[in-house]
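Novice: So the protein sequences, as listed, match chains Y and G. Counting from 1 along the first sequence, just add 7 to a position and that's the residue number in my numbering. Counting from 1 along the second sequence, just add 17 to a position and that's the residue number in my numbering.
Some hints could be false.
Claimed, not checked - Each pair of labels, with its calculated beta carbon distance range:
#1 G:Pro-382 / Y:Ala-150: 34 to 40 Å
#2 G:Thr-250 / Y:Trp-77: 35 to 41 Å
#3 Y:Phe-131 / G:Gly-94: 34 to 40 Å
#4 G:Asn-398 / Y:Leu-173: 43 to 49 Å
#5 G:Lys-194 / Y:Ser-277: 45 to 51 Å
What the hints assert, rightly or not - Some chain Y residues well away from chain G (every beta-carbon gap over 12 Å; in silico):
#6 Pro-105
#7 Gly-134
#8 Phe-192
The set of hints was computed from the structure by calculation and includes no laboratory data. Nothing here was measured: the structure is a model prediction, and the numbers come from that model. Where is the CB? At the ideal position from N, CA and C, for every residue including glycine.
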Amino acid sequence: MQEILQNLLNGIAVGAIYALIALGYTMVYGILKLINFAHGDVFMLGSFVGFYVGGYAARHLHTTGGALGWGYAGLVMLVAMVVCGLFGFLNERIAYRPLRNSPRIASLITAIGVSFLLEYGGQFVFGADPKRFPTLVAPHYIAFGGLSVTNYQIIVLVVAVIFMGLLQYIIYGTKFGRAMRAVSFNFETASLMGIPTDRVISMTFIIGSMLAAVAGILFGLSYPTINPLMGIMPGLKAFIAAVLGGIGNVPGAVVGGLIIGIIESFIGGSPLSGYKDAIAFIILIAILLFRPSGLFGKYQAEKV
Amino acid sequence: MRKNLIIFITLAVLSFGLLGCPPKEGTGNTSTSAAGGEILVGEYGSMTGPQATFGQSTHNGIMMAADEVNVAGGINGRKVKVLSEDDQSKQEEAANAVTKLISQNNVLAIIGEVASSASIAAAPICQSNKVPMITPSSTNDEVTRKGDYIFRICFTDSYQGEYQAVFADQWAAASAKPKTVAMLTDVKSDYSQGLAKVFTAKFTALGGKIVGTQSYANGDSDFRSQLTAIKGTNPSLLYVPGYYTDIGQIAIQARDLGITAPLLGGDGWESPKLIEIGGKALEGSFYTNHYFYADPSPVVSGFVQKYKERYGQTPDALAALGYDAMKTLADAMKRASKLDGPSLRDAIGQTKGLVGVTGTINIGPERNAMGKKLVIEEIKNGQLTLKATIDPAKGGKVEMNNAAPAAVTTTTGGPPPAAATTTTGGN
């Protein structure tokens, strides 16, 4: 029983990070019908910005080995969000917009290209060896009833929930959100109605990339080794989460992320632990075969 | 329609991820090594990717040895030139790199890899092309069984794993703890699986008990669920025969979950990054290694000093083994009757009494280095200290190092005091 609860807790903490990344996939898909495979690498970029900004702050404050504290942690996250947001904007502007009227497969291949650019360019710029992410907040362990939770897991969950709430508010509570939903519903009609579709798409990329940056910082906080290829696996898992929840569906991405996190956690604690990744991909294949619209998807037959 | 597209996309991306990029271009030298000019030696290693420090350290060691050989007059007057290929820490890239070195660059011999999985992937290619391959630090027993052109200058896992089990047994007895060990192994690595098998056999033969076995895949970040299962078994020691990239995270998460048992591992832990990542969580943990960098013997201290002057950091065991591999190859090339594959193979096989940094190298009938010394290091106060030495020349007993710990920095910064503590062994 204790073990089940512990696995559940661990799974929710991992799942929250997957969910944040999955949101970026699903938002872009919802609007452009593009699977932005560079998204997992934007998450990596966020971590590295955190690594450099946090490292700079640590050297500046001479807190070698110590924690930076809440103020600086917030600052690190903010800088990472700004940098990744800017990257998301430029990525769309330079790589995807010129291809918007080309066949969809062209943008997709470009996305894979951008992904490789970030992965291997990252190895060149940041160095290929794994790096120790700076300690943003001092770790605490909370033990109760045989369970053990770290304050990091709680921070991950709280921050993730805050940003998901914020996103929900943007989509359903603001004028911009309404424009986003309109573009997602029908791109051409929305533009005929005077909605500045280019701006909406740019903003979608910026928001999605910012969420990836948040995930990158939270990841660095809980798993303090980062390397330029770290985005591949979480990126694919988040993609599975987005497909599981129904790609294009925002709440679906969150639920999908949590489900993948929890399933992984339970498999990891079982004798099948070596098959953790394999099972995640089996889930993906199963969904695509039996329920391509995902759990909550709004799958419509495409008119060809 | 859309369903098919998504399936196609998914498969496409997955296969892209698996295939990766083509290998980096090395030096485009096409001159054959049979000509009178430079002798071409190939090296493949993980210069980038998750195990980058393995390849980089080995490369540094090889280059240093090659330069020394050349300064000392080369191989009967001919200079040695090392061509390096990066395999990005991937097995399939290792096979590509070796194919390129052999078919395009016509190298005479090949040095590599550190990771056993990569060596196992590349060895059959060297074998079928009759190009001798020396692995500096792949310990999995299977590597040299790939053929009579494949050699190894370090100890094997059946040797390393056995002494880890003996050490675990003695450690439990000395600290009055039950002889229980839980294991966490890497499913992706032949090295990890091989060691775990040997360790289990020996440890249970000694009366110990393996209370839990869990696995992970190299590159994972979250080990909490496996560790949660292990915590329930309450082991005295946690045996983690993996690579340094994962060890730090495993240690941190084990401590988070309240597991206090020390970790025990093998030479895959050896990297300057280990303590940088694991920090305090690794205090009191042990691993087996090929040499102790603060060993006061003149061979080791001389090597360490020269390496630091050249690269500005303390050499790890992989640098020392890379250095020894190049020296072994140079020695064999000098002795070989002709500079071709079969003659060089015979010469490497006849290597006897070559004094290396990691001990004297004698190649045995199974093309493995015989009777090499093994050290067990403990992480104390964020530094590596010598815990025990096993020297087959002295009966192969685990000799605990009970002297005061050697206070030597492991960071790239400060120089270690030359006068380290007395260590057992040293020949």
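Novice: Which hints from the list above does the structure break, by number from lowest to highest?
Specialist: 1, 5 and 7
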